[in-house]
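With the sequences and hints as input, model every part of the structure.
Those protein sequences? They're chains A and B, same order as listed. Each residue of the first sequence is one higher than the one before, starting from 4 at the first, in the working numbering. Each residue of the second sequence is one higher than the one before, starting from 4 at the first, in the working numbering.
A portion of the hints provided could be inaccurate.
Heads up, the list lumps identical chains together, so a pair's fine if it works in one copy or across two of them.
[To be verified] Within a straight-line C-alpha distance of at most 30 Å, the following computed DSS-like cross-link-like pairs (lysine-lysine) qualify:
{"#": "1", "residue 1": "Lys-166", "residue 2": "Lys-143"}
{"#": "2", "residue 1": "Lys-19", "residue 2": "Lys-69"}
{"#": "3", "residue 1": "Lys-166", "residue 2": "Lys-132"}
{"#": "4", "residue 1": "Lys-69", "residue 2": "Lys-166"}
{"#": "5", "residue 1": "Lys-19", "residue 2": "Lys-36"}
{"#": "6", "residue 1": "Lys-5", "residue 2": "Lys-143"}
{"#": "7", "residue 1": "Lys-132", "residue 2": "Lys-69"}
{"#": "8", "residue 1": "Lys-19", "residue 2": "Lys-143"}
{"#": "9", "residue 1": "Lys-69", "residue 2": "Lys-143"}
{"#": "10", "residue 1": "Lys-19", "residue 2": "Lys-166"}
{"#": "11", "residue 1": "Lys-5", "residue 2": "Lys-36"}
{"#": "12", "residue 1": "Lys-36", "residue 2": "Lys-132"}
{"#": "13", "residue 1": "Lys-5", "residue 2": "Lys-69"}
In case anyone wonders, no lab produced these hints; they're calculated from the structure. All values reported here derive from a predicted model rather than from experimental measurement.
Number of protein chains: 2
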Amino acid sequence: MKQSFLCVGLDADIRKLPACLLQEEDPIFSFNKAIIDATAPYCVAYKPNLAFYESMGVRGWVAFEKTVAYLRQHYPDQFIIADAKRGDIGNTSAMYARTFFEETNLDAVTVAPYMGEDSVTPFLTYEGKWVVLLALTSNKGSHDFQLMADEQGERLFEKVLRKSQEWAGSDRMMYVVGATQGRAFEDIRRIVPDHFLLVPGVGAQGGSLEEVCRYGMNAQCGLLVNSSRAIIYADSTEDFARVAGEKAQEVQRQMAAELAARNLV
Amino acid sequence: MKQSFLCVGLDADIRKLPACLLQEEDPIFSFNKAIIDATAPYCVAYKPNLAFYESMGVRGWVAFEKTVAYLRQHYPDQFIIADAKRGDIGNTSAMYARTFFEETNLDAVTVAPYMGEDSVTPFLTYEGKWVVLLALTSNKGSHDFQLMADEQGERLFEKVLRKSQEWAGSDRMMYVVGATQGRAFEDIRRIVPDHFLLVPGVGAQGGSLEEVCRYGMNAQCGLLVNSSRAIIYADSTEDFARVAGEKAQEVQRQMAAELAARNLV
Numbered sequence: 004m005k006q007s008f009l010c011v012g013l014d015a016d017i018r019k020l021p022a023c024l025l026q027e028e029d030p031i032f033s034f035n036k037a038i039i040d041a042t043a044p045y046c047v048a049y050k051p052n053l054a055f056y057e058s059m060g061v062r063g064w065v066a067f068e069k070t071v072a073y074l075r076q077h078y079p080d081q082f083i084i085a086d087a088k089r090g091d092i093g094n095t096s097a098m099y100a101r102t103f104f105e106e107t108n109l110d111a112v113t114v115a116p117y118m119g120e121d122s123v124t125p126f127l128t129y130e131g132k133w134v135v136l137l138a139l140t141s142n143k144g145s146h147d148f149q150l151m152a153d154e155q156g157e158r159l160f161e162k163v164l165r166k167s168q169e170w171a172g173s174d175r176m177m178y179v180v181g182a183t184q185g186r187a188f189e190d191i192r193r194i195v196p197d198h199f200l201l202v203p204g205v206g207a208q209g210g211s212l213e214e215v216c217r218y219g220m221n222a223q224c225g226l227l228v229n230s231s232r233a234i235i236y237a238d239s240t241e242d243f244a245r246v247a248g249e250k251a252q253e254v255q256r257q258m259a260a261e262l263a264a265r266n267l268v
Numbered sequence: 004m005k006q007s008f009l010c011v012g013l014d015a016d017i018r019k020l021p022a023c024l025l026q027e028e029d030p031i032f033s034f035n036k037a038i039i040d041a042t043a044p045y046c047v048a049y050k051p052n053l054a055f056y057e058s059m060g061v062r063g064w065v066a067f068e069k070t071v072a073y074l075r076q077h078y079p080d081q082f083i084i085a086d087a088k089r090g091d092i093g094n095t096s097a098m099y100a101r102t103f104f105e106e107t108n109l110d111a112v113t114v115a116p117y118m119g120e121d122s123v124t125p126f127l128t129y130e131g132k133w134v135v136l137l138a139l140t141s142n143k144g145s146h147d148f149q150l151m152a153d154e155q156g157e158r159l160f161e162k163v164l165r166k167s168q169e170w171a172g173s174d175r176m177m178y179v180v181g182a183t184q185g186r187a188f189e190d191i192r193r194i195v196p197d198h199f200l201l202v203p204g205v206g207a208q209g210g211s212l213e214e215v216c217r218y219g220m221n222a223q224c225g226l227l228v229n230s231s232r233a234i235i236y237a238d239s240t241e242d243f244a245r246v247a248g249e250k251a252q253e254v255q256r257q258m259a260a261e262l263a264a265r266n267l268v
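Okay, structure coming up:
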């Protein structure tokens with residue numbers, strides 16, 4: 004029992020890698036491998052962000068596939084989320100589902116809800132796989148449309164939470180809720196008391212773990228809190244992996260304390 | 004002057020390719036190349052749909068890059084749209100922009116608006132490149148959230164059209180409006196009279212070109228109408244490219260008639 008609900012975001016940007024890696028044959032994979040080995044004892048999930056791999060074209064896609072294969076082989080208990088924010092008409096979403104659940108064997112994929120039911124359901128046809136649907140995101144622009152309210156006062160992110168429960172239950176669907184959203188977690192928990200929430204935005208984006216736990220945790224924990232930059236880029240010397248491990252351990256200890264305070268360990 | 008506003012969607016699905024191509028070294032690229040050579044006289048744009056390439060992993064990404072390079076070399080006047088429906092927090096959207104505007108040199112990318120301003124603006128920092136923002140899509144699920152209305156009666160897709168004009172003008176931004184949306188084009192043209200609209204959904208999805216022109220065309224045409232399956236999979240024998248060319252020509256002739264009827268040629 005790890006006493007952790009930490010997800011480490013693998014946002015490997017070639018322009019930010021420690022200089023010592025740049026001579027490697029596949030710097031991105033070498034970086035990920037070192038980060039994974041150092042942080043795996045403290046986390047329960049990894050979240051490669053597809054944008055960072057695609058931005059390097061074929062080379063990046065190779066590094067992505069190698070990273071997933073490495074995790075599967077050496078850390079089979081880790082949950083792997085493709086952070087891809089996909090969503091398109093049915094036959095196209097089916098192809099994205101094939102990408103992440105067949106071509107690469109991930110556990111979950113983040114999906115954008117704008118296009119509605121038939122853009123999401125093709126991801127739900129895979130036994131044991133999860134959709135992580137965007138609800139209330141961590142960024143400033145989340146206010147532009149997600150907070151729009153209808154005549155009954157229901158906001159867009161609430162409508163997404165409510166309607167999407169018609170498509171799958173808490174065994175197949177999670178929601179993205181930004182760590183920066185504070186007490187909105189209370190509103191969200193009224194609609195989805197039992198679901199897992201994937202919470203980005205702790206660390207570089209300014210969200211507070213303590214606040215997320217206070218307002219977002221349920222009786223089964225129900226949280227996966229992601230940290231990317233604050234862990235993987237904590238150090239840029241040859242020591243980067245050890246420092247990343249320490250940072251992950253620090254977060255894990257805070258998580259253990261939050262779990263203990265609620266008798267969840 | 005081609006008298007065309009046709010965009011051909013390159014949704015190459017390995018499971019649907021003519022059998023005669025399956026022995027080729029890169030069947031997807033061979034298919035695209037033949038389709039492009041046959042249809043280029045009748046269209047002004049191509050729209051590779053990323054899902055279809057990603058679903059084949061590295062092989063698919065290679066085929067995507069080769070397709071773009073082939074278009075650039077042989078048909079430099081064709082406008083190339085990455086149909087990717089991306090959109091994420093600022094630093095991640097910046098990586099997607101790098102993917103489509105630097106790593107591969109496309110002209111435009113489709114973007115999903117759910118995450119708001121800072122998820123879209125990183126795509127707008129590239130001179131001469133375009134964002135094609137989802138407004139009112141062609142699928143059934145478009146009704147789930149896009150038609151939600153606020154207290155003043157403004158619907159989500161209208162809010163997207165209105166707000167996004169603060170981020171860029173009609174020289175950098177287009178909108179996706181499904182061909183299946185009929186008279187909603189009139190509402191849309193009231194908000195964005197001058198913008199180009201990228202219109203999918205003619206053909207396999209049941210939209211009508213004549214209706215799209217009646218309600219959506221402006222004084223500069225202002226439309227890019229996409230057809231994918233109805234052209235590229237019109238025939239599955241060795242004759243597939245010739246038949247695709249004929250289908251494209253058929254659509255182009257209808258377009259020429261629509262343009263002529265409005266004195267736009």
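**Identical-chain pair category, Lys-19 with Lys-166, by Cα at 30 Å** = neither (40 Å within a copy, 34 Å between copies)
**Prompt:** Is the C-alpha distance from Lys-19 to Lys-36 at most 30 Å within one copy, between copies, in both cases, or in neither?
**Reply:** Cα proximity of Lys-19 and Lys-36: one copy only (16 Å, versus 37 Å across).
**Request:** Check Lys-36 against Lys-132 for me: Cα-Cα at most 30 Å, and say if that holds within a copy, between copies, both or neither.
**Result:** Within. Shortest intra-copy distance 24 Å satisfies the 30 Å Cα cut-off; inter-copy 36 Å does not.
**Request:** Could you place Lys-5 and Lys-143 in one of the four classes (within, between, both, neither) given a Cα distance threshold of 30 Å?
**Result:** Neither, since 33 Å and 44 Å both go past 30 Å.
**Message:** I want to check one pair: Lys-5 and Lys-69. Are their C-alpha atoms no more than 30 Å apart within a copy, between two copies, both, or neither?
**Reply:** within (26 Å within a copy, 46 Å between copies)
**Asked** From the Cα coordinates, with 30 Å as the cut-off, is the pair Lys-5 and Lys-36 best called within, between, both, or neither?
**Response** Answer is within: at 20 Å inside a copy they meet the 30 Å cutoff, but 53 Å across does not.
**Request:** Could you place Lys-166 and Lys-132 in one of the four classes (within, between, both, neither) given a Cα distance threshold of 30 Å?
**Result:** Within one copy, since 20 Å is at most 30 Å while 36 Å is not.
**Prompt:** Which holds for Lys-69 with Lys-166 at a C-alpha limit of 30 Å: within a copy, between copies, both or neither?
**Reply:** So Lys-69 and Lys-166 fail the 30 Å test inside a copy (36 Å) and across (41 Å) alike.
**Item:** Alpha-carbon proximity between Lys-166 and Lys-143, which holds within one copy, between copies, both or neither at 30 Å
**Value:** Answer is both; intra-copy 24 Å and inter-copy 15 Å each pass.
**Message:** At most 30 Å between CA atoms: does that hold for Lys-19 and Lys-143 within a copy, between copies, both, or neither?
**Reply:** within (24 Å within a copy, 42 Å between copies)
**Message:** With identical chains, the pair Lys-19 and Lys-69 could be close in the same copy or across copies; at 30 Å between alpha carbons, which is it: within, between, both, or neither?
**Reply:** Both. Shortest intra-copy (20 Å) and inter-copy (28 Å) distances satisfy the 30 Å Cα cut-off.
**Item:** Homomeric proximity label, Lys-69 with Lys-143: Cα distance no greater than 30 Å
**Value:** Intra 33 Å, inter 37 Å, cutoff 30 Å: neither.
Violation of the numbered hints given earlier is confined to hints 4, 6, 9 and 10; the remaining hints are satisfied by the structure.
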